[in-house]
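There are 2 protein chains.
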Amino acid sequence: MIAIIGAGPTGIGLGYLLEQLNVKDYMIYERETVGESFYTWPKETKLITPSFNGHGFGLLDLNAIMPDSSPAFTLKQEHINGERYGEYLQLIQSQFEINVTEGCEIEAIEPQDKGFLLKSNQGDIEADHVILACGEFNTPKRLFDYGIHYADVETWKDIEGERIIIGSGESAMDALINLNKQGERVLLIHPEKSLVLNHHDPSQTISPYTKERLLSVNPELIRVINNKRVTNISFDGTMYDVTLDDGEVFSTTNEPITCTGFHTVPPVFQQLFEMENGLAKLTELDASTKFPGLYLCGPGVRQSDVIFCFIYKFRQRFLVVIEDILKSMGIEVDEEVKSDYIRQNMYLTDLSCCNTECQC
Amino acid sequence: MIAIIGAGPTGIGLGYLLEQLNVKDYMIYERETVGESFYTWPKETKLITPSFNGHGFGLLDLNAIMPDSSPAFTLKQEHINGERYGEYLQLIQSQFEINVTEGCEIEAIEPQDKGFLLKSNQGDIEADHVILACGEFNTPKRLFDYGIHYADVETWKDIEGERIIIGSGESAMDALINLNKQGERVLLIHPEKSLVLNHHDPSQTISPYTKERLLSVNPELIRVINNKRVTNISFDGTMYDVTLDDGEVFSTTNEPITCTGFHTVPPVFQQLFEMENGLAKLTELDASTKFPGLYLCGPGVRQSDVIFCFIYKFRQRFLVVIEDILKSMGIEVDEEVKSDYIRQNMYLTDLSCCNTECQC
Numbered sequence: 001m002i003a004i005i006g007a008g009p010t011g012i013g014l015g016y017l018l019e020q021l022n023v024k025d026y027m028i029y030e031r032e033t034v035g036e037s038f039y040t041w042p043k044e045t046k047l048i049t050p051s052f053n054g055h056g057f058g059l060l061d062l063n064a065i066m067p068d069s070s071p072a073f074t075l076k077q078e079h080i081n082g083e084r085y086g087e088y089l090q091l092i093q094s095q096f097e098i099n100v101t102e103g104c105e106i107e108a109i110e111p112q113d114k115g116f117l118l119k120s121n122q123g124d125i126e127a128d129h130v131i132l133a134c135g136e137f138n139t140p141k142r143l144f145d146y147g148i149h150y151a152d153v154e155t156w157k158d159i160e161g162e163r164i165i166i167g168s169g170e171s172a173m174d175a176l177i178n179l180n181k182q183g184e185r186v187l188l189i190h191p192e193k194s195l196v197l198n199h200h201d202p203s204q205t206i207s208p209y210t211k212e213r214l215l216s217v218n219p220e221l222i223r224v225i226n227n228k229r230v231t232n233i234s235f236d237g238t239m240y241d242v243t244l245d246d247g248e249v250f251s252t253t254n255e256p257i258t259c260t261g262f263h264t265v266p267p268v269f270q271q272l273f274e275m276e277n278g279l280a281k282l283t284e285l286d287a288s289t290k291f292p293g294l295y296l297c298g299p300g301v302r303q304s305d306v307i308f309c310f311i312y313k314f315r316q317r318f319l320v321v322i323e324d325i326l327k328s329m330g331i332e333v334d335e336e337v338k339s340d341y342i343r344q345n346m347y348l349t350d351l352s353c354c355n356t357e358c359q360c
Numbered sequence: 001m002i003a004i005i006g007a008g009p010t011g012i013g014l015g016y017l018l019e020q021l022n023v024k025d026y027m028i029y030e031r032e033t034v035g036e037s038f039y040t041w042p043k044e045t046k047l048i049t050p051s052f053n054g055h056g057f058g059l060l061d062l063n064a065i066m067p068d069s070s071p072a073f074t075l076k077q078e079h080i081n082g083e084r085y086g087e088y089l090q091l092i093q094s095q096f097e098i099n100v101t102e103g104c105e106i107e108a109i110e111p112q113d114k115g116f117l118l119k120s121n122q123g124d125i126e127a128d129h130v131i132l133a134c135g136e137f138n139t140p141k142r143l144f145d146y147g148i149h150y151a152d153v154e155t156w157k158d159i160e161g162e163r164i165i166i167g168s169g170e171s172a173m174d175a176l177i178n179l180n181k182q183g184e185r186v187l188l189i190h191p192e193k194s195l196v197l198n199h200h201d202p203s204q205t206i207s208p209y210t211k212e213r214l215l216s217v218n219p220e221l222i223r224v225i226n227n228k229r230v231t232n233i234s235f236d237g238t239m240y241d242v243t244l245d246d247g248e249v250f251s252t253t254n255e256p257i258t259c260t261g262f263h264t265v266p267p268v269f270q271q272l273f274e275m276e277n278g279l280a281k282l283t284e285l286d287a288s289t290k291f292p293g294l295y296l297c298g299p300g301v302r303q304s305d306v307i308f309c310f311i312y313k314f315r316q317r318f319l320v321v322i323e324d325i326l327k328s329m330g331i332e333v334d335e336e337v338k339s340d341y342i343r344q345n346m347y348l349t350d351l352s353c354c355n356t357e358c359q360c
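Taken in order, these protein sequences are the chains called U and Y.
The first sequence begins at 1 in our numbering and counts up by one.
The second sequence begins at 1 in our numbering and counts up by one.
You may find that some hints are simply not true.
Unchecked claim - The calculated DSBU-like cross-link candidates involving lysine-lysine, where the alpha carbons are at most 30 Å apart (straight line), are:
no.	chain 1	residue 1	chain 2	residue 2
1	U	K211	Y	K181
2	Y	K76	U	K46
3	U	K181	Y	K327
4	Y	K46	U	K43
5	U	K43	Y	K119
6	Y	K281	U	K141
7	U	K228	Y	K76
8	Y	K228	U	K211
9	U	K181	Y	K181
10	U	K157	Y	K211
11	U	K181	Y	K46
12	U	K46	Y	K228
13	Y	K327	U	K76
14	Y	K211	U	K76
15	Y	K228	U	K181
16	U	K211	Y	K46
17	Y	K119	Y	K181
18	U	K46	Y	K46
19	U	K327	U	K119
20	U	K43	Y	K228
21	U	K193	Y	K76
22	Y	K281	Y	K327
23	U	K157	Y	K76
24	U	K43	Y	K281
25	U	K157	Y	K281
26	Y	K157	U	K211
If you're looking for bench data, these hints aren't it; they were derived computationally from the structure.
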């Protein structure tokens with residue numbers, strides 16, 4: 001039995017693939033409901049990768065999780081918000097009758113002599129292989145005692161008054177853009193020398209969508225402090241004190257917004273991997289280096305310098321992982337399915353290509 | 001000598017390819033300057049295909065014209081306006097030292113016993129092969145005696161007052177969205193049963209970008225008449241009368257906006273092709289069926305039902321055409337260049353894949 005933990009784009013994408021391969025002995029365990037993380041996004045947040053139905057000409061929608069499909073086509077939108085993407089995942093799950101057990105929280109994964117024992121709120125589950133497909137959004141990195149993490153925001157309309165934003169990535173920029181739109185003053189504090197607005201790999205920089213949105217912010221409402229790390233946020237009942245690494249303190253009555261990122265592997269499962277700087281070390285085929293048979297799929301995957309933190313990237317490893325699992329079971333992957341995945345850029349094994357620099 | 005007519009994305013993309021292949025005996029003849037058509041777009045118009053630098057993972061920017069490149073990366077934008085895309089083309093032309101003769105208008109192409117004689121405002125030019133790469137924007141279809149064609153609009157700010165818009169394609173929708181944003185009332189008249197908002201091929205429907213923009217128009221300012229063809233626009237010095245095929249007449253003091261499309265082949269060159277319903281019949285390798293050695297490249301290309309009217313589509317035929325020309329000259333295409341084009345989805349020969357329907 002293959003156990004997949006999490007029914008987001010990774011879990012549902014893997015389930016779809018297994019159905020195509022006619023492998024029925026799998027189950028996706030989902031703590032809440034299919035696509036749950038997306039429903040908890042801030043109401044205003046959209047996928048930063050644009051959807052476009054170019055798959056007829058070999059350019060698969062950046063947010064598709066299966067070949068020959070397009071959220072842009074189905075949802076008639078280019079930048080899809082969390083709720084609609086969650087609905088899209090539910091649609092795929094029901095249309096292709098993908099096995100999901102909802103409301104099942106996996107609390108621990110215990111490696112056995114052979115296979116794994118999963119401890120869940122619905123009892124024990126035995127699995128031969130386990131694929132972690134939890135995503136990142138539901139395990140925010142909370143570095144400080146105070147601060148509203150990006151993941152905690154239901155809607156930016158709730159966030160009133162001048163705010164300190166801590167961070168420099170996509171979520172910090174999104175917070176800044178949304179508060180700016182509401183006319184709120186913002187002080188952005190981040191540790192980079194400057195905001196990284198260009199890099200050939202979109203995972204290392206701000207997306208074109210966000211760069212474009214930044215062009216229309218009102219700069220008079222924004223102050224930026226580069227090159228400073230926040231070391232502490234304290235609260236005395238009235239004021240929040242934000243302390244920087246050089247000792248400077250900024251005081252504010254409004255709780256700061258902390259855009260301090262997400263765990264690439266849920267903390268509860270980190271002891272199953274060799275962790276290094278918050279990242280899981282993986283075999284060439286995305287398995288744990290400590291426990292063969294346990295795989296990581298989704299945005300948390302890293303292979304040396306290659307970062308898979310976009311749907312259009314991590315979907316290219318679905319078949320790599322499934323192929324390895326089936327091989328260990330003596331099952332050959334159906335050639336027709338494999339060629340579909342290859343044709344639609346959903347099967348990436350040669351990672352040397354992934355750091356291509358831009359010519360123009 | 002290979003003569004290329006037009007220095008837009010098609011001409012510059014072909015020039016780049018020839019440079020890569022070390023073929024130096026070519027010239028791009030451009031009536032005005034590199035990227036000219038884009039500079040004449042309405043100021044507010046943007047490319048409807050979103051740019052994203054996904055080429056490191058096999059997903060080439062939809063608006064790129066060469067492998068391993070990305071306008072999103074270079075311009076730091078997702079939806080690029082005409083002026084910036086024109087600048088982008090100029091950048092490529094100068095960076096790769098692509099041969100262009102500006103200010104050279106080709107007035108006629110005369111097939112000779114062998115090759116072609118091009119009549120231009122700079123004198124006669126002899127060419128062995130000719131590639132028409134004129135694009136469509138600079139040859140609008142003007143079906144009526146009156147009306148401001150979409151191509152004539154410099155900025156929507158110039159267009160004041162309630163307007164009749166004629167058409168149902170991308171340009172009609174863009175006109176509607178821009179006028180709506182300015183608070184102008186619009187009457188949209190078009191011949192379709194309803195606005196075609198979904199089709200698996202983006203060339204047959206409205207783009208996700210435009211669908212999304214349509215979600216935020218103010219519907220109170222818009223009236224739509226489906227299923228009616230405009231047969232005439234007359235003007236008595238005060239009022240414009242727009243006559244429909246059922247005899248109904250709409251009168252307005254403001255000149256109607258005609259979004260009646262563009263010629264796929266400039267009228268002056270149409271006699272060089274077998275034309276059928278306004279489309280050029282082409283060989284399997286995009287040559288004129290009347291004059292071998294004359295090719296059509298760019299948005300006007302059709303192969304049976306396959307429509308190439310997006311950059312991400314028509315760029316896939318650059319190498320197909322160049323390969324055919326070089327073959328006739330006894331030159332083999334460099335395998336390394338070819339494999340780059342194949343790897344980045346820029347070499348499409350099997351057209352059976354292009355009508356893939358969507359699964360989701």
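Starting from K281 (chain Y), check that the Cα of K141 (chain U) is at most 30 Å away, please. Since the Cα atoms of K281 (chain Y) and K141 (chain U) sit roughly 60 Å apart, the hinted pair is violated (cutoff 30 Å).
Restraint check for K76 (chain Y) with K46 (chain U), where alpha carbons must lie at most 30 Å apart: The hint holds at about 19 Å.
Quickly compare the C-alpha distance for K228 (chain U) and K76 (chain Y) to 30 Å and report which way the hint goes. Holds: K228 (chain U) and K76 (chain Y) sit about 25 Å apart, inside 30 Å.
Are the Cα positions of K211 (chain U) and K46 (chain Y) separated by 30 Å at most? Judged against 30 Å, a Cα distance of about 16 Å means the pair holds.
Next pair to validate is K46 (chain U) with K228 (chain Y); report whether the Cα-Cα distance is within 30 Å. Violated - the C-alpha atoms of K228 (chain Y) and K46 (chain U) are around 38 Å apart, more than 30 Å.
Straight-line Cα separation of K181 (chain U) and K181 (chain Y) no greater than 30 Å? holds, 18 Å
Given the hinted pair K327 (chain Y) and K76 (chain U), is their alpha-carbon gap at most 30 Å? violated, 43 Å
Does the alpha-carbon distance linking K181 (chain U) and K46 (chain Y) stay inside the 30 Å limit? holds, 22 Å
Check the hint pairing K43 (chain U) with K119 (chain Y) against an upper bound of 30 Å on the C-alpha distance. violated, 60 Å
30 Å Cα cutoff - pair K43 (chain U), K281 (chain Y): violated, 50 Å
Assess, step by step, whether the Cα of K46 (chain Y) is no farther than 30 Å from the Cα of K43 (chain U), and give holds or violated. holds, 27 Å
Given the hint that K43 (chain U) pairs with K228 (chain Y), does the C-alpha gap stay at or below 30 Å? Given pair K43 (chain U), K228 (chain Y) is violated - Cα atoms ~40 Å apart, limit 30 Å.
Going through the hint list in order, the structure does not satisfy hints 3, 5, 6, 8, 12, 13, 15, 17, 20, 24 and 25.
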